[in-house]
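Sequences and hints are given; from them, build the entire structure.
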Amino acid sequence: MPPVIWVYFFPMFSTTLGIIPETSPLYDWIKLYLLPVSLILLLLSANLPALTKLGTKAIGTMLFGTIGVIIGGVVALSILGHWLPPDAWKGMGTLSGSWIGGSANMVAVGASIGTREDLFGIMIIV
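Numbering (my numbering), first residue to last: 1 to 126.
Everything labelled a hint here was simulated from the structure, so no lab data went into it.
Small disclaimer: the values here were computed from a predicted structure and weren't measured.
Note that CB positions come from ideal geometry on N, CA and C, so glycine has one too.
Just to be clear, a hint being listed does not mean it is correct.
Here are the in silico distance ranges between beta carbons for each label pair [what the hints assert, rightly or not]:
1. GLY65 with GLY18: 20 to 26 Å
2. GLY68 with ALA88: 31 to 37 Å
3. LEU54 with LEU17: 43 to 49 Å
4. GLY65 with ALA88: 21 to 27 Å
5. HIS82 with TYR33: 37 to 43 Å
6. LYS31 with VAL75: 15 to 21 Å
7. THR23 with VAL75: 21 to 27 Å
8. THR15 with THR61: 20 to 26 Å
9. LYS57 with TYR33: 36 to 42 Å
10. THR15 with ASP87: 19 to 25 Å
11. HIS82 with PRO49: 45 to 51 Å
12. LEU41 with ILE70: 34 to 40 Å
Set out below in structure tokens:
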């Protein structure tokens with residue numbers, strides 16, 4: 001099975017079946033200490049010379065895509081904001097983090113803006 005199945009669905013099923021608890025002090029410790037260190041280690045493994053060889057086209061494409069995701073989130077919240085809860089922007093910010101930088105970025109953005117766990121779960125499904 002692909003790693004994404006193990007990362008997302010195994011913990012969800014384990015929690016649903018009562019194998020692992022829904023809340024634990026360990027989860028807060030992981031979010032506070034382990035997540036930032038993991039992100040730094042991921043960045044340290046980036047091959048900077050290879051990134052510079054990609055050229056302006058690839059970097060420009062990434063920047064325009066990022067800007068598009070951010071603007072799209074603002075437009076979507078402007079249009080649909082009347083029907084959404086007041087902190088829906090946190091969910092959109094978390095989702096934008098996922099689209100821009102993957103799952104690790106989604107978790108980091110969600111933790112940094114204080115996305116509620118139930119809203120975070122909905123954004124994972126999206």
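Each hint, compared with the structure:
no., hint, in the structure
1, GLY65 with GLY18: 20 to 26 Å, "violated (41 Å)"
2, GLY68 with ALA88: 31 to 37 Å, "violated (20 Å)"
3, LEU54 with LEU17: 43 to 49 Å, "holds (44 Å)"
4, GLY65 with ALA88: 21 to 27 Å, "holds (23 Å)"
5, HIS82 with TYR33: 37 to 43 Å, "holds (39 Å)"
6, LYS31 with VAL75: 15 to 21 Å, "violated (30 Å)"
7, THR23 with VAL75: 21 to 27 Å, "violated (35 Å)"
8, THR15 with THR61: 20 to 26 Å, "violated (38 Å)"
9, LYS57 with TYR33: 36 to 42 Å, "holds (39 Å)"
10, THR15 with ASP87: 19 to 25 Å, "holds (23 Å)"
11, HIS82 with PRO49: 45 to 51 Å, "holds (49 Å)"
12, LEU41 with ILE70: 34 to 40 Å, "violated (26 Å)"
In this structure, the hints that do not hold are numbers 1, 2, 6, 7, 8, 12, in rising order.
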